[in-house]
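Visitor: Quick mapping for you: the protein sequence lines, in order, are chains A, B, C and D. Numbered continuously in the working numbering, the first sequence closes out at residue 210. Numbered continuously in the working numbering, the second sequence closes out at residue 1210. Numbered continuously in the working numbering, the third sequence closes out at residue 2210. Numbered continuously in the working numbering, the fourth sequence closes out at residue 3210.
Keep in mind that the hints were calculated from the coordinates and are not lab data. It is possible that some hints are incorrect.
Partial chain C-side listing against chain D, Cβ under 8 angstroms, derived [what the hints assert, rightly or not]:
| # | residue |
| --- | --- |
| 1 | R2035 |
| 2 | V2036 |
| 3 | P2037 |
| 4 | S2038 |
| 5 | E2040 |
| 6 | A2102 |
| 7 | L2110 |
| 8 | A2120 |
Being a predicted model, the structure only gives us computed values, none of them experimental. All C-beta atoms, glycine included, are put in the ideal place defined by N, C-alpha and C.
Protein chains: 4
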Amino acid sequence: MKQPLEPSAEGRGRIVGITDGVFAIALTLIVLEIRVPSHEAVHSESELLAAVMALAPRFLTYALSFLTLTIFWFGQQAQHGLIAKSDRRLATLNLCFLAFIALLPFSTDLLADFLEFRVAVLVYWLNLFLLGATLFASWWYADRNGLLAQNVDADTKRVVYQRIIKAQILWAIGAALCLITPLASIAFILLVQLIYAAALRGSLLSKIIG
Amino acid sequence: MKQPLEPSAEGRGRIVGITDGVFAIALTLIVLEIRVPSHEAVHSESELLAAVMALAPRFLTYALSFLTLTIFWFGQQAQHGLIAKSDRRLATLNLCFLAFIALLPFSTDLLADFLEFRVAVLVYWLNLFLLGATLFASWWYADRNGLLAQNVDADTKRVVYQRIIKAQILWAIGAALCLITPLASIAFILLVQLIYAAALRGSLLSKIIG
Amino acid sequence: MKQPLEPSAEGRGRIVGITDGVFAIALTLIVLEIRVPSHEAVHSESELLAAVMALAPRFLTYALSFLTLTIFWFGQQAQHGLIAKSDRRLATLNLCFLAFIALLPFSTDLLADFLEFRVAVLVYWLNLFLLGATLFASWWYADRNGLLAQNVDADTKRVVYQRIIKAQILWAIGAALCLITPLASIAFILLVQLIYAAALRGSLLSKIIG
Amino acid sequence: MKQPLEPSAEGRGRIVGITDGVFAIALTLIVLEIRVPSHEAVHSESELLAAVMALAPRFLTYALSFLTLTIFWFGQQAQHGLIAKSDRRLATLNLCFLAFIALLPFSTDLLADFLEFRVAVLVYWLNLFLLGATLFASWWYADRNGLLAQNVDADTKRVVYQRIIKAQILWAIGAALCLITPLASIAFILLVQLIYAAALRGSLLSKIIG
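Only chain A is shown next, with the shape it has when bound in the complex (with noise of 0.2 angstroms):
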């Protein structure tokens, strides 16, 4: 007999549609704050230049932000390949998830707008962690629940969560640089995010990022 939302490939099927939608949007939404330059201001050639060189910064955050979303991406997808079906519950984690990636536009702005605090930096590591914490927890939960692809092994199951909680090492990493400047906690996420995106294997980038 059918019952509403029990276990299914359809329900997971569902979090994919709503997933690729909300990181299309962030992904379209984080450029929205990289705003043309008012004709007002603007008289030559070179003063236009200027105005667009001036949005440098904005275009740094916008390439960091859309790292961070790359990189969760695929996280969310790496889970969801190895995930036959879906029950309520799961989807909640996944829709917690994507809370913090909508949440993503809003702190990457805090920390373009005050690039010299240590308060922005913090909320964004804070973003980071509790999207680490979401995707660890829905794992977490599948793992448990039977909700695993039957081909998964303990191997593999294990590598998902070491590969979340490398990350977190690193981002905590970063973010304790704050004490010495926000700048080089900047720098530092930024390159862990560069590695993780462009998916570099070294053998030593290996041992540290799984």
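For this one, chain A is given, so just place chains B, C and D on it according to the hints.
Guide: This is chains B, C and D only, laid out in the frame that chain A set:
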């Protein structure tokens, strides 16, 4: 002979697509009202911390709307998982449902801006009521016109109606609490949404929220 | 040998995806113009009620645009349900259709702001006309180039043309009414959209809207 | 044994989903800059007509960006129709492509606001160049790493490269025309986009745009 817009599985797929799109956008739009503090007003770490803390009511109403969106996403999904095909009128009812989902960022912002006013609570409640009413009408229409999946029995049909009605009764109680104070309403509704979203199922709760 | 962008079922699927995306965004954008009253202007429950009531014309044009989007969503869907595959030119026609859908929030806002001006009504009508024209062109192109499903007979082909033309005639009558008064135009168009969206089918109506 | 994020058909489906989402949003965002005239400045039908006519440059750049989005949507689709599966690096290249698509509303607005400035034309051209470069890199990567469908022959592979390069040459010529006057650049690029979007194929044009 193929006819335009006859009841079909494809029509059902299109509804799922546009539904997930609208929910994804609504989820992201409610965040847009959380505005980054102005740089002029902030000169120190402690001032930035205070400015971020001052956004707390925004985060609270964000959480409330997120929970509400979650509940109705599941509500729509629970129904559509049991509906085998969709005709034009059912699709129109679903689009009405989406129109009220699209209004949710508006009523949420109104609530966030006027936490202490009964009118704001009543507008929010009206939005919840209209969402429930369109879900109810969809289910009733699908049932009457043979659009349900074949293996949906009478019990399941009744349970879907009951859940909608029970939720409406709880929200009506919440709205009525604004006769005492609007904050009591908001706290009660927030609690109801939390219980639904987390899909808590104690033996007493089961009786109340079905 | 596989060629890039030959007519294919996948191309058709992509069109459906981007179409539902654009409609979902347009549905949500038209709400954004319904602005929460400013907190400074409101000091009592009755003032807030008055401020919310003052938004009535916005809700009216929201309803109008919602109905219009509904009608064209069905129009596009009715066609694509009968189209088996899509080539590049058909996809371009569909994107033109989407470009005019994306303009609908603009012409709706213009109408809401200038209810009493004929120019606003004519811009809105022009948008409706261009939407119908691209739907007509798509159908004509698909028919001429063998992109329709095999089981679409001559009768069905004619009905699709007729529906588009009948709707255009009704909207043209509506637009012409602005010679009397713009409000007569809006009322007439609103009525037409209501009848189409609700898919009312009396014996007289059937003859008129087909 | 199932591994996270190995090359798969599902990974390819996710890319299609997020791509269509970003394009749908970009298509709609470029309209947002077409602003309804302020009610205070308009007191008669003729003033409203003049105000709407004054938006003509906005509609022009809207048309330009719409054409550009169309061309790259087809470009991405032409490639992905020939790609059988996707790994993480290919997906990252595709996300880079989407990041530049998301920047298109910015460079379009810049162009619309500063039609007479070379810097605006060059920023727009840079955006086109980066879009082509990521498409080129995706194709090259997919080819080198055996991610193409089996029935893609050497001829087709070469044609895909050639099309990207020919388009880049045409845009570079367009950009170079801004040495004479920026308006010549815009007119030339607009013409190129029109020919591509309409998929015109005369015998001479075929040689030029391939």
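Visitor: Now tell me if each hint is right for this structure.
Guide: Checked hints:
1. A least Cβ separation of about 13 angstroms between R2035/C and chain D goes past the 8 angstroms threshold, and the interface hint is therefore violated.
2. The beta carbon of V2036/C comes no nearer than 19 angstroms to any beta carbon in chain D, farther than 8 angstroms, and the hint placing it at the interface is violated.
3. Here the hint on P2037/C is broken, as its CB sits about 17 angstroms from the closest CB of chain D, past 8 angstroms.
4. Restraint check, S2038/C versus chain D: the minimum CB separation of about 17 angstroms is more than 8 angstroms; hint violated.
5. For E2040/C, the shortest C-beta to C-beta distance to chain D is roughly 20 angstroms, which exceeds 8 angstroms, and the interface hint is violated.
6. Restraint check, A2102/C versus chain D: the minimum CB separation of about 5 angstroms is within 8 angstroms; hint holds.
7. About 5 angstroms separates the beta-carbon of L2110/C from the nearest beta-carbon of chain D, less than 8 angstroms, and the hint is met.
8. Proximity of A2120/C to chain D holds as hinted, the smallest CB-CB distance being about 7 angstroms (cut-off 8 angstroms).
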